[in-house]
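Number of protein chains: 2
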Amino acid sequence: MKRLRTENIDLDAADMKILRLLEKDARASTAELARSVGLSAPSVAERIKRLQENGVIEAYCVKINPAALGLKLSAWLRIRPVPGQLSVVAEIIRETPEIAQCDRVTGEDCFIALAHVGSVAELERVIDRIIPYAMTNTAIIQSSPVVARSPLAAVKRSP
Amino acid sequence: MKRLRTENIDLDAADMKILRLLEKDARASTAELARSVGLSAPSVAERIKRLQENGVIEAYCVKINPAALGLKLSAWLRIRPVPGQLSVVAEIIRETPEIAQCDRVTGEDCFIALAHVGSVAELERVIDRIIPYAMTNTAIIQSSPVVARSPLAAVKRSP
DNA sequence: CTACTCTCGCAATATTATTTCGAAAGGCAA
DNA sequence: TTGCCTTTCGAAATAATATTGCGAGAGTAG
Chain A
1 MKRLRTENID LDAADMKILR LLEKDARAST AELARSVGLS APSVAERIKR LQENGVIEAY
61 CVKINPAALG LKLSAWLRIR PVPGQLSVVA EIIRETPEIA QCDRVTGEDC FIALAHVGSV
121 AELERVIDRI IPYAMTNTAI IQSSPVVARS PLAAVKRSP
Chain B
1 MKRLRTENID LDAADMKILR LLEKDARAST AELARSVGLS APSVAERIKR LQENGVIEAY
61 CVKINPAALG LKLSAWLRIR PVPGQLSVVA EIIRETPEIA QCDRVTGEDC FIALAHVGSV
121 AELERVIDRI IPYAMTNTAI IQSSPVVARS PLAAVKRSP
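Chains as they are written, first to last, in the UniProt record's numbering: chain A, 1 to 159; chain B, 1 to 159.
Hints are computed from structural coordinates only; laboratory data are not their basis.
Identical chains share a label here; the pair holds if one copy fits it or two copies do between them.
Taking lysine-lysine pairs in the BS3-like style, the calculated list, with each CA pair at most 27 Å apart, reads: (1) LYS49 / LYS72; (2) LYS72 / LYS17; (3) LYS63 / LYS17; (4) LYS49 / LYS63; (5) LYS24 / LYS63; (6) LYS72 / LYS24; (7) LYS24 / LYS49.
Start from the sequences and build out the full structure, keeping to the hints where you can.
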C-alpha cells in the first residue's frame, strides 16, 4: 500500500481516493464511499474522522451560484492601504459581506479580494467603503476557465 | 412566509435557512437540517432537490488544506497573454493542476489565477509554463483575512 | 363555488451510520 | 525466531436516516 507522506500525515491510496470522491460530491454517503474505495463503512468513517482531526479536511462547503441569488457581477479587487491604515482596511473587508474571499499578499498590492454584487452601483458602494483608506484596482470577472478545484491534483506532481 | 425573489427563483426563509446550514456543514444530514428548519425531512429533501435543479446549489465541496498536503506556498498570478496567445494560455492554465482557480477579467491583466505549490522552485516551474505566452505577475499569499465564504451574506444587503 | 396545483408531513420501507468487539496484520523488542 | 503491543479491519447488532407513497390542507384561478 503506497503512502504519500505529507506534513507528518501519511495519506495512503484509500485516503486519496476518499478525498477525490468527496471532492466530487461532499455529500456522498459513507456507505457509497466505502463501496467505491473497497473498504467497509466503519473503516471509511474512521478515516474521514482522522482526515478531519489531522486538518487535511478543513470543512465541507456548498457552492452557491451568486448569479442565482441576483449577484450578477463579480470582481477582483486589488487593495493597497494608505500607510498606517492596513488593519482598518482588513477590518472593513472582513465586515463587508459582499467580499467572499480575501488574501493578504506580497507585492505592491496588499490584499486581493473577491466581491459579488448585484450591480455596478453596488460595486461602487463596496469600493467607496475602502477608498478612504486605500487605493484600489478593480477587475470584473468575465468568465472562469478554472472554477475552484481542490489542491488534490497538484499532489501527484509534487512528491 | 417572506420570499426573496431572485432570478425567477423564489427563495423563502426556509430555503435561506437550509443554505445557511449547508454553508456551515455541507454534510449535515437531511434529518438534522429538518429539525433546525422546523420542517419534515421529506420537505427539506424536496427543497434541496429543487435548489440543486434550479442551479442555486451548484456543488458540494470539501475544503482540503493545501499545506497538509505539503503545498506550503500559495500565490496569486496575474497573467497577461501576448497578443494572439490567449487561448493557448487558457489551455495551459486548465491543464496545470497546481492552478486551483482562475478567472478571466477586464483590465490590463487578462487572467487572475490561484496556485498551490510545494516550493518556490515549483512555483517557478508553473510560471515557466506560462511565460512563453504571457507576462505574469506573482503575489505570494501571506494570510487570509477572509477565507472563502459563500455569497449568501451579501443577499441581505442587495434586495 | 369548484377544480387544480403546490406544499406539507405521516407512515412504511429501504438504506445508512454508529457502536461494539474480535480477528488479522504489522511493527518492535528480546 | 517468538511474543507482545498497536493499528486497522470488518461482521453484526442497534440506532438513525433517506426515500417513497399518499392523503390532507392551503392557495389560486376560473
